[in-house]
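With chain P's structure known, arrange chain F on it following the hints.
What follows is each chain in one-letter form.
Number of protein chains: 2
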Amino acid sequence: MLAVGRELLIGRTLNTNARWMGKRLALRGSQLAEITTVDDDLGEIASALRGCLERRPDYLVIVGGLGPTPDDMTLKGVSRGIGKGLRLSESALAMIREHYVKRNLGGMEMTPARKKMAVMPVGASAVKNPLGTAPGVRLELRGTTVFCLPGVPSEMKSIFRESVEPEIRRRLGKLDREYVSMRLEGIYESALAPVIRNELRKHPSAYIKSHPRGIKEGKSRIELDVAVVSEVRGKARKSVDQIVREIREAIEPEGATVIALREGQP
Amino acid sequence: MLAVGRELLIGRTLNTNARWMGKRLALRGSQLAEITTVDDDLGEIASALRGCLERRPDYLVIVGGLGPTPDDMTLKGVSRGIGKGLRLSESALAMIREHYVKRNLGGMEMTPARKKMAVMPVGASAVKNPLGTAPGVRLELRGTTVFCLPGVPSEMKSIFRESVEPEIRRRLGKLDREYVSMRLEGIYESALAPVIRNELRKHPSAYIKSHPRGIKEGKSRIELDVAVVSEVRGKARKSVDQIVREIREAIEPEGATVIALREGQP
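Residue numbers (the numbering used here), protein chains in the order written: chain P, 128 to 393; chain F, 128 to 393.
With the rest of the complex left out, here is chain P (with noise of 0.2 angstroms):
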């Protein structure tokens, strides 16, 4: 995911977006592998794009800069970065005046500034947004599939639900992916460390991580996550079941206790 606007740089914006993004990758057996954020800036946009595609991944979807004033430049930004130029599209433009339309916003006239969010590099076509009036874009770039949204968070939303999660879950096929969350007291991170460098060695594809909880009543809690992706039908359930029970039997001795756990999501 590359975020552009610089109210994510200034602190003026939390990026809620990354989150809602990445959980719902995340409950469906993907991940995103990075999280990016840019200034509105034309140079910056389109280094990072470039920056982005070098990892080959199957998906880039950026967020933000898509409306109709001049701090909008994601476009732009995208067509410099892939030294392709920008054209209207009509599709756009229909989706655009059908907007302006049915909402009844300010007549229909084409002014300049709407039409610029009409504007997209070569080769890219619109995605309808069933919510504002910017639509999404999406374009092919060396095996990668970019999608381009509004960085509104109801607008991002209804257009990645519609058009790009149908197909990353046609691409990527169905995978099972489990989680436990287990909250641990009594115990500190570096004595349990060792237990999991231990569960590493035997589940080398797991992915266990700790997130230190403070001491409370002092004693010392920490939250321990653990995840296992896998193609075969039910054996994430299996190795995730098999970790938990191995953690409780590693640290129960120690005097520290499992005081929740909780499945399912992240």
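The hints are simulated quantities; they were obtained by calculation from the structure and are not laboratory data.
Treat the hints loosely; a few may be bogus.
It does not matter which identical chain is used: a pair holds within one copy or between any two.
Unchecked claim - In silico DSBU-like pairs for lysine-lysine, Cα to Cα no more than 30 angstroms straight-line: (1) LYS284 / LYS336; (2) LYS229 / LYS203; (3) LYS255 / LYS343; (4) LYS150 / LYS255; (5) LYS336 / LYS150; (6) LYS301 / LYS365; (7) LYS284 / LYS150; (8) LYS255 / LYS346; (9) LYS255 / LYS211; (10) LYS329 / LYS284; (11) LYS362 / LYS346.
Below, chain F without anything else, positioned relative to chain P:
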């Protein structure tokens, strides 16, 4: 800022550290140029580090992955990224020992997991962590000063305040930064676009950005940020005031109103 941690990629945790640091720097006339988040993975950390250094920033702050558990691999990743070996830092070891002694946390024994927090790239120095166990790390790389800080927000903030910020302020010198946020009612972004374009022509170094805030009681609302940074004392203030006045003069005859004006910080 380079954030390391899968919890940020799977939607488990919001990157509030990035917001805090971005705001803190913006208030002092500086700015985060980029925020990148990657997984707890040696290759990912190493290549993200190289990508960040290619931008030749004055500072790079890496957050997360300094603890005692195996998933904490930031320093190993940095070492790989810059092609330098790891060594045990005696001063870091002393800091860790002091922390355990002072808090009487499970004895003074230097287990391998505790020692791990003192292993850092050759040439790096340990930075005191006033609140937690894992010391921060500072190193100079091709003109960029790199700080590695723990991801626990309280610890990150305390090291940033005590050791990172004073250095940044010394290097940056004094900049004037003025900021105003205008809340507008009764105007659409597409109608505001030419007004902003005109202001940016008159004040090319200004930052002007609009955020749509939906439609309330039939009227479109927009939040408009205006910011100017200048080395000349008083100039930023004057420019911001002038931009606000000119925007008022442009939109009020069209029936739009400024319903609130907030100064001072993003």
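Each hint tested on the structure:
no.	hint	result
1	LYS284 / LYS336	both (28 angstroms within a copy, 22 angstroms between copies)
2	LYS229 / LYS203	within (28 angstroms within a copy, 56 angstroms between copies)
3	LYS255 / LYS343	between (50 angstroms within a copy, 24 angstroms between copies)
4	LYS150 / LYS255	within (23 angstroms within a copy, 34 angstroms between copies)
5	LYS336 / LYS150	both (16 angstroms within a copy, 29 angstroms between copies)
6	LYS301 / LYS365	within (17 angstroms within a copy, 59 angstroms between copies)
7	LYS284 / LYS150	both (12 angstroms within a copy, 26 angstroms between copies)
8	LYS255 / LYS346	between (53 angstroms within a copy, 24 angstroms between copies)
9	LYS255 / LYS211	within (23 angstroms within a copy, 49 angstroms between copies)
10	LYS329 / LYS284	neither (39 angstroms within a copy, 36 angstroms between copies)
11	LYS362 / LYS346	neither (35 angstroms within a copy, 55 angstroms between copies)
Of the numbered hints stated above, those contradicted by the structure are hints 10 and 11, listed in ascending order.
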